[in-house]
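**Student:** One letter stands for each residue in the lines below.
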Amino acid sequence: MPKAGSGLSLDGLGMPLWLVLELTYKCPLKCPWCSNPVDFDQYRKELTTEEWKDVLREGRKMGALQLGFTGGEPMLRRDLEELVEEADRLGYYTNLITSGVGLSIERLKALKKAGLKQIQLSIQATDRELSEKLVGLDVFEHKIEIARTIKAEGFPMVMNVPVSRYNIEQTEAFIELAADLGVEYLEFANLQYYNWALLNRAELLPTREQLARSEAQVNAARERLGKKLTIYFVVPDYHDKRPKACMNGWGSIHLTIAPDGTALPCQEARLIKGIKFPNVREHGLDWIWRDSPGFNQFRGDGWMKEPCRSCSEREKDFGGCRCQAFLLTGDASNTDPVCAKSPDRHIIDALLSTAEERGPASKKPLIMRARGLLKRKVFADR
Amino acid sequence: MDVERRLRPEDVVELNPNYHFRWEEPQQAHVLLYPEGIVKLNTTAAAILEACTGAPSIAAGTAELARRYQKRNLSAEVLKFLEVAHAKGWIRLKS
Chain A
0 MPKAGSGLSL DGLGMPLWLV LELTYKCPLK CPWCSNPVDF DQYRKELTTE EWKDVLREGR
60 KMGALQLGFT GGEPMLRRDL EELVEEADRL GYYTNLITSG VGLSIERLKA LKKAGLKQIQ
120 LSIQATDREL SEKLVGLDVF EHKIEIARTI KAEGFPMVMN VPVSRYNIEQ TEAFIELAAD
180 LGVEYLEFAN LQYYNWALLN RAELLPTREQ LARSEAQVNA ARERLGKKLT IYFVVPDYHD
240 KRPKACMNGW GSIHLTIAPD GTALPCQEAR LIKGIKFPNV REHGLDWIWR DSPGFNQFRG
300 DGWMKEPCRS CSEREKDFGG CRCQAFLLTG DASNTDPVCA KSPDRHIIDA LLSTAEERGP
360 ASKKPLIMRA RGLLKRKVFA DR
Chain B
0 MDVERRLRPE DVVELNPNYH FRWEEPQQAH VLLYPEGIVK LNTTAAAILE ACTGAPSIAA
60 GTAELARRYQ KRNLSAEVLK FLEVAHAKGW IRLKS
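First to last, the sequence lines map onto chains A and B. Residue 326 in numbering that gives the first Met the number 0 is what sits at position 327 of the first sequence, and the numbering runs on without skipping anything. Residue 28 in numbering that gives the first Met the number 0 is what sits at position 29 of the second sequence, and the numbering runs on without skipping anything.
Quick caveat, the hints were computed from the structure, so don't treat them as lab data. Don't take every hint at face value.
Claimed, not checked - In silico negatives: residues of chain A with every beta carbon more than 10 Å from chain B:
no.: 1; residue: V37
no.: 2; residue: R43
no.: 3; residue: T48
no.: 4; residue: G62
no.: 5; residue: R77
no.: 6; residue: E85
no.: 7; residue: D137
no.: 8; residue: E140
no.: 9; residue: A215
no.: 10; residue: T229
no.: 11; residue: G293
no.: 12; residue: A349
no.: 13; residue: K363
As the list claims (entries may be wrong) - If we take Cβ atoms under 8 Å as the criterion, some of the chain A residues that face chain B in the derived model are:
no.: 14; residue: L12
no.: 15; residue: L64
no.: 16; residue: Q65
no.: 17; residue: E152
no.: 18; residue: P155
Said to hold, decoys possible - Straight-line Cα separation of at most 27 Å, DSSO-like style, residue types lysine-lysine; simulated pairs:
no.: 19; chain 1: B; residue 1: K39; chain 2: A; residue 2: K315
no.: 20; chain 1: A; residue 1: K227; chain 2: A; residue 2: K111
no.: 21; chain 1: B; residue 1: K39; chain 2: A; residue 2: K227
no.: 22; chain 1: A; residue 1: K52; chain 2: A; residue 2: K112
no.: 23; chain 1: B; residue 1: K79; chain 2: A; residue 2: K227
no.: 24; chain 1: B; residue 1: K79; chain 2: A; residue 2: K111
no.: 25; chain 1: A; residue 1: K60; chain 2: B; residue 2: K39
no.: 26; chain 1: A; residue 1: K150; chain 2: B; residue 2: K93
no.: 27; chain 1: A; residue 1: K363; chain 2: A; residue 2: K340
no.: 28; chain 1: A; residue 1: K315; chain 2: B; residue 2: K87
no.: 29; chain 1: A; residue 1: K150; chain 2: B; residue 2: K87
no.: 30; chain 1: B; residue 1: K39; chain 2: A; residue 2: K226
no.: 31; chain 1: B; residue 1: K79; chain 2: A; residue 2: K226
no.: 32; chain 1: A; residue 1: K227; chain 2: B; residue 2: K93
no.: 33; chain 1: A; residue 1: K226; chain 2: B; residue 2: K93
no.: 34; chain 1: A; residue 1: K44; chain 2: A; residue 2: K60
no.: 35; chain 1: A; residue 1: K227; chain 2: A; residue 2: K150
no.: 36; chain 1: A; residue 1: K25; chain 2: A; residue 2: K112
no.: 37; chain 1: B; residue 1: K93; chain 2: A; residue 2: K111
None of the values given here were measured: they were computed from a predicted structure. Cβ atoms here follow ideal geometry from the backbone N, Cα and C, with glycine treated the same way.
Isolated chain A, as found in the complex:
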């Protein structure tokens, strides 16, 4: 998921410093904001263990340093431990991004032995009922138990909270939970609206007032807890006046490999129609990163139109997010409509107004992540 708040601003000297491996799109959870494509079940030919190892070796040769194992749910890959071991041997800093479903004390011990450095565990609610409502399965108690086991095994841990209007009122409870679990980092990742989250945007967007209260609670907790807990607050970009510096620029430091081997400048980029993204089964990673048309499409600022082209901030935010420009304006080379200078900002303002007018009691069903968008699974509020 593209992030603004916890990301880094760093000149990678043209190297793909961050390599993200989406090992699978499969996941037992049904989160209605999933960042995977809405037709995730159409991509079936997952890379094999050996193919992933080739990616790891090539990536490291090109200077990749931080490595994320994600999905879908990466624990569904039985070769995860083997891949972590190879990545650690090659010198990556290895991060596992997981829902915790499929994690057990045995696998945690095996991952530790394989050299895994860090675990990011998602927690969607601070109580069982809301958790089940949001992820579609009764997994809350398992998640908490796994969080404790992760800490007991000595991993540093990021507790990741995907924030929507459904759980934003639990901000203080999340902070208490994180402090109680003894995690080092708590990340409030306000949802970014792509794929499944986009389908459910009208119901997920928090109101301005909710957001302001949540941010104030985070700031108070930072004062109170100091170094004991680092809290990241990824602002929902719709509420900002300037776009996020998405991925630190297209093809700048981020390289994602999707389950089927498609190489992407970010996890969402395949939603942009009209760009043919290269596949590691057909091309070397070096060519993909340096020379492929897909990775060069929005590199630098030569592609920019006005108002970005002459903007003094173009090297700060790189014109924002290409996927968002495509989704909301129909043209990926437009200025991200979040920007107050964009002629399309009214689109965002209209969406925000809808959230303000929706009222706290609105109970329209969410479209839960499921195979085959046509047979939509929805939940009624219980």
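Assemble the complex: chain A is given as a structure, and chain B must be docked to it using the hints.
**Tutor:** Frame of chain A; chain B shown alone:
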């Protein structure tokens, strides 16, 4: 909140165990790697971290730097950087 006192030359500091400090050949620089983050260090910062974490004291590390770089009166500069590193959580006081 912990009362943060200023670092003193007699303090012993160590790298936060959640941070990995190492030379990265492609970047031609020392880096700190931590959960979902990278810090690329300049030569001075890397030299101070290398000398002072694991030394018997900050003063001993500073003396080592003074020998290596043939410089005097490094103490203020070293402490200033270590304060920053401490505030960022890269290093901690060894208890």
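**Student:** Which of the numbered hints above does this structure break?
**Tutor:** When the structure is compared with the hints, numbers 4, 10, 17, 24 and 27 turn out to be violated.
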